[in-house]
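A.B. asks: The task is to assemble the complex, starting from two chains supplied on their own in separate frames and drawing on the hints.
Just so you know, the protein sequences line up as chains Z and B, in that order. Okay, so the first sequence: first residue is 1 according to the working numbering, each after it adds one. Okay, so the second sequence: first residue is 349 according to the working numbering, each after it adds one.
Hints were generated in silico from the structure; no laboratory data involved. One or more of the hints may lead you astray.
One-sided and incomplete, this derived list gives chain B residues near chain Z with beta-carbon spacing under 10 Å [unchecked claim]:
hint, residue
1, Pro358
2, Pro360
3, Ser400
4, Pro402
5, His403
6, Ala407
7, Pro449
8, Tyr450
9, Gly529
10, Leu585
11, Val595
12, Gly602
With a Cα cut of at most 30 Å, we get these calculated DSSO-like pairs of lysine-lysine [stated by the list, open to error]:
hint, chain 1, residue 1, chain 2, residue 2
13, B, Lys427, B, Lys604
14, Z, Lys148, Z, Lys197
15, Z, Lys9, Z, Lys114
16, B, Lys427, B, Lys374
17, B, Lys520, Z, Lys114
18, B, Lys604, Z, Lys148
Glycine residues also receive a C-beta, built at the ideal position from the N, C-alpha and C atoms.
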Amino acid sequence: MNDHLILKKDHTLSLLRRLMREHRLVAPLRNRHGDTLFSEVEDLAGAELDLEHQPQASLKPFLFPQQETMFRYRLDGEGGYRFEPPEPGRPLLFFGVRACDLSAVLYLDVIFSKRGRDPYYFARRRDSLLISLACNQPFANCFCNSAKTGPFLEYGFDLQLTDLGDRYLVEVGRARGAELVGRWRHFFTPAEEADRKAQYQALLESRSHFQRQVHLEQAIRRLQADEPLPEELWAGLSRRCQDCGGCAYVCPTCTCFTITDQQITATEGLRQRSWDACTFGGFTRLAGGHNPVDPGREAVRQRFLHKLLYDVREHGRPSCVGCGRCVGICFGGVDIVRFIDLVCEVRQ
Amino acid sequence: MTDNGNPYLPHPARILRVREENSQIKSFELAFTDPERHRAFTYRPGQFVMVSVPHGGEAPISISSSPTRPGRLTLSVRKAGRLTAALHRMAEGELVGLRGPYGRPFPVEELRGRDLIFVAGGIGLAPLASVVNLCLDRREEYGQLTVLYGSRSPADIAFRDELEGWRRAGVKCLLTVDQGGEGWTGQVGLVTTLFAQISPDPGRSSALICGPPVMFRFVAAELTRLGLSDQDIVTTLERHMKCGLGVCRHCHLGPKLVCAHGPVFTLAELRGLREAELA
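So that you can see chain B by itself, here it is in the shape it has in the complex (with noise of 0.2 Å):
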């Protein structure tokens, strides 16, 4: 068995750099140990590779930096399970193991010219950072962006150096938090409260979206109802996944498999389809 042959074989990379996020997300800075393998390691915004942990076996981890960034691959990780609780007791310098990129991508040709909101809750910003800022790398191609992200709580709020950054390219970022606390000043309230700040253009203006399902529901509700189509409203899901590939069938939507059908679908698509749980 050669290499190429085995889709199920891992590539060694090493842990560059951890940046903790908050108390429950570490972003990791990876590079294949093989200098040529991390040169020509393309992925797309929106995809995934199934990360191996030493003794821990494989979970699915969209990958959070953007292709326009080459040499970069940061995976943000929430500790939610055995896995990535081993994961988050990694240091710079150990290894792990990947394989990918799998998955279809966010549709970011299709998406130029148009107006982007983001909306994530919580780790949901991890795989939306990557096609922020691919658009910030290619600003001339897309219309105005738009993040809007929730946090349970001021402490909880992830990812603030990478906010920082899109504000100061123009980005309009707009933050919530679920409860308020000392020193907090901004908006309190789930990120639906936060469209009563913004007034998109539907007919130029789709939407990104990441959280867990029921953020999802109430989103997507908030968007119809400022007229923006099914079609336009793109979301990425989160499943149980083993192999990657569209063979394990862990990941199903009924007879799609987020895997290989996803894990980025149109609300379009997901409409009908019982495991999507959208009701």
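Next comes chain Z alone, as it looks inside the complex (with noise of 0.2 Å):
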């Protein structure tokens, strides 16, 4: 099959309808309050998709909930002490995800087999379908191109579109976007030269767009160097953060949880799994109260050192996609942009 296709756009809507027969479908959508956020699409008709702005969260609360139950758990008597985990949803098909958050996912596929697969989260990402949607336009904080996980992908997808004004030009790339097209093949035409080209251009236009310079191969290549940085670099990152954990929320591959029982009734509850951050205060504090993180000199410490430093040892590339959002959501200016700037800064 030729793997460059034609979807127009007037198609699209119809399309995605088959397709939600047997997935949940999440979207970019524009809510009443003007905000551009992944939700789960219940009614095509009536739904804004926002494919104009770059929504607000990733996709990593649907595959990995800010809070979610991992068992039900029964205290009967004699009996026992039962956990029972739930039961898996139906299969989810992410549309319109940019090149960085897919490029997380692929991250967090790898978090979450270590040391046997998480069932929670496999459990969601498993039948996932994820047709992605090429950056023609960075948005302002975007350094995709820097972080290399975009602006436009050349793997991971099911499917990749890129807007080409009335239509799509679709890569196919896993087996899963093969069968999709397979399936749906009178949705799609294949692709001219003329398409390609089109494509190509969008790609060269893309990359000349980018507002930010952000040297983060250069920072990567510091902070590799045995040479500690300056203790007064940590100290003042970790003064101006808020300990608000909105860089960690917001971040696409921040993957820290806490578990927590929370009681219903005297003989049940349920077992929860929430998001944490590494740069809160109580992060790594032990019952009885002594830390091993002082978390007014090293707040931020972990945060930034484990994307650019400890996951390019482990796994080769740093975990920062580059999406920019907690640019966008740190009031207290200690987002990984200002690191890597001040990093760079560091004379070596």
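C.D. replies: Structure follows, in structure tokens:
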């Protein structure tokens, strides 16, 4: 099969409607407050699909929810102390996913495969479909060009769409994408040479539109050098951190979590997993109060080094995908771009 | 989702016996309610389990019994926070949940043939007890065994039955207390003061240490002074932990995770890790 196809924009909603029979559709929707967020689409006709703005949050909440029930537990007298996991929901279809967010999902796949596959994550991920949208126009804080995760993808998607005006050029990635195109082939026509040229042109133009110059590789090289960064750099950033966790929450690759029990009755409750953030002052605090990390001087250290040094050592690439969301959310100005800039300024 | 596919699934275990070690520490002997699971459960000294307490969540607790005594599963727990306080209120016959065992154990195979110096403060003796008992059960495989144990006061000396048993078996057990009291004729001072009473051969000695960070720093310095190399100084670390599987990252030491890379580390491995609190 030709792996470059054309999908007319007029046909897109009708294709999505077909796919919604078997999948829960998640796409960027503009809500009544004017915010664009990935949301589950209940009624495609009434929803305002927004492919113009960057969704404020990533796909993370749909694969690794901010809070989820791991087990319902029951204590039944003599009988026991039983833990029952919830039933998985219907498969997910993600539409309109940008290159950075999809790259982040590939990282989540690795993290949640460590030491046994995470059953909760993979129950959602396993049968999911990812239809990405190449970024013809990067947003103000974007630096995926520097993180090498975009603006267009080379792999990882099931289908990648490139906006060519009245139509999308469709690239077929994984087997599941080929299956989708095969099953709904009347929606697609073969792409012409001119379409592929138009896509290449779009890619070149997109690359020239980045507003930020972020020297991620230079910062990584500096971190890999044995010489430690000045203490004052860490302390200065940590002082500005307001302990809100916003960076970790909007970050598509931050996966720290906590687990707590929520009692419902004397004999029943829920064991829940929730997002956590290594920037929180109590993240490493032990029962009894001792804390091996000094939040006053080291609040942001683990977050930046994990993404830009430890993950480079362990996985061969940083786990910052350059989406720029932390730049927009941090009111203390302690985002990763600030850190990268500071590291690049340090004299070796 | 099947049982085997979910690494977070706790299995019910019954509290068979509770022993009060001191006002802060209790030892719980446990058995999985499923006899098949109990028989099949194996672990190595230094490993830990995640313990669920009804409505209280989970916490990592090291195993203090020895795998050389099959069927035994003992956890010694200091009352330190909400979960451990709830556990202390539980009685024989009640149920907890267990998953594991997790973590890198003490290198008991590599330590064969060596003289072992165990240094612990307070609850720190719990994970080391597992190794001492293993060595006693394979007595001919190990050299001289010495236990240096520090407690706050004579009343705080825990694991008395265990210590007495080790003494009878020929283990040199030296005790000290931070503050003496009426009737106490033994050593007073930090655990490092006991080093004056031993003269290990650094070429054939390894040390296993467990205690608070400040104790570890001073003990490690003392052992270094006696000529032990960083590879022969082994410790086990306690950290806040949620998953035990290397994912939640609460127990990080910068690039390393205590649950997955440890909890047992040599001093050589901890050098340069800021969160190891060596400085």
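A.B. asks: Mind checking the CB of B:Gly602 against every CB in chain Z and telling me if the closest is under 10 Å?
C.D. replies: holds, 7 Å
A.B. asks: Taken at face value, is the distance from the CA of Z:Lys148 to the CA of B:Lys604 at most 30 Å?
C.D. replies: Given pair B:Lys604, Z:Lys148 holds - Cα atoms ~26 Å apart, limit 30 Å.
A.B. asks: Tell me if the straight-line CA distance from B:Lys427 to B:Lys604 falls inside 30 Å.
C.D. replies: holds, 27 Å
A.B. asks: For the hint on B:Val595, does the least C-beta distance to chain Z fall short of 10 Å?
C.D. replies: Check passed: Cβ of B:Val595 comes within 6 Å of chain Z, closer than 10 Å.
A.B. asks: Have a go at the B:Pro360 hint: is there a Cβ in chain Z nearer than 10 Å to its own Cβ?
C.D. replies: At about 4 Å, which falls below the 10 Å cut-off, the nearest Cβ of chain Z leaves the hint on B:Pro360 intact, so it holds.
A.B. asks: Go through the hint on B:His403 and say holds or violated, using the shortest Cβ distance to chain Z against 10 Å.
C.D. replies: holds, 4 Å
A.B. asks: Would the hint on B:Pro402 be counted as holding, given a Cβ-Cβ threshold of 10 Å to chain Z?
C.D. replies: holds, 6 Å
A.B. asks: Given the hinted pair Z:Lys9 and Z:Lys114, is their Cα-Cα distance within 30 Å?
C.D. replies: Measuring from Cα to Cα gives roughly 40 Å; hence the hint is violated.
A.B. asks: Holds or violated: is the Cβ of B:Pro449 closer than 10 Å to a Cβ in chain Z?
C.D. replies: violated, 13 Å
A.B. asks: With chain Z as the partner, please determine if B:Pro358 meets the hint condition of a C-beta pair closer than 10 Å.
C.D. replies: Given a least distance of 6 Å, the restraint on B:Pro358 holds.
A.B. asks: Against chain Z, with CB atoms and a cut of 10 Å, does the hint on B:Ala407 hold up?
C.D. replies: holds, 7 Å
A.B. asks: Once the shortest beta carbon distance from B:Ser400 to chain Z is found, is it less than 10 Å?
C.D. replies: Hint holds; B:Ser400 Cβ to chain Z Cβ min 7 Å, cut 10 Å.
Taken one by one, the earlier hints fail for this structure at numbers 7, 9, 15 and 17, listed in ascending order.
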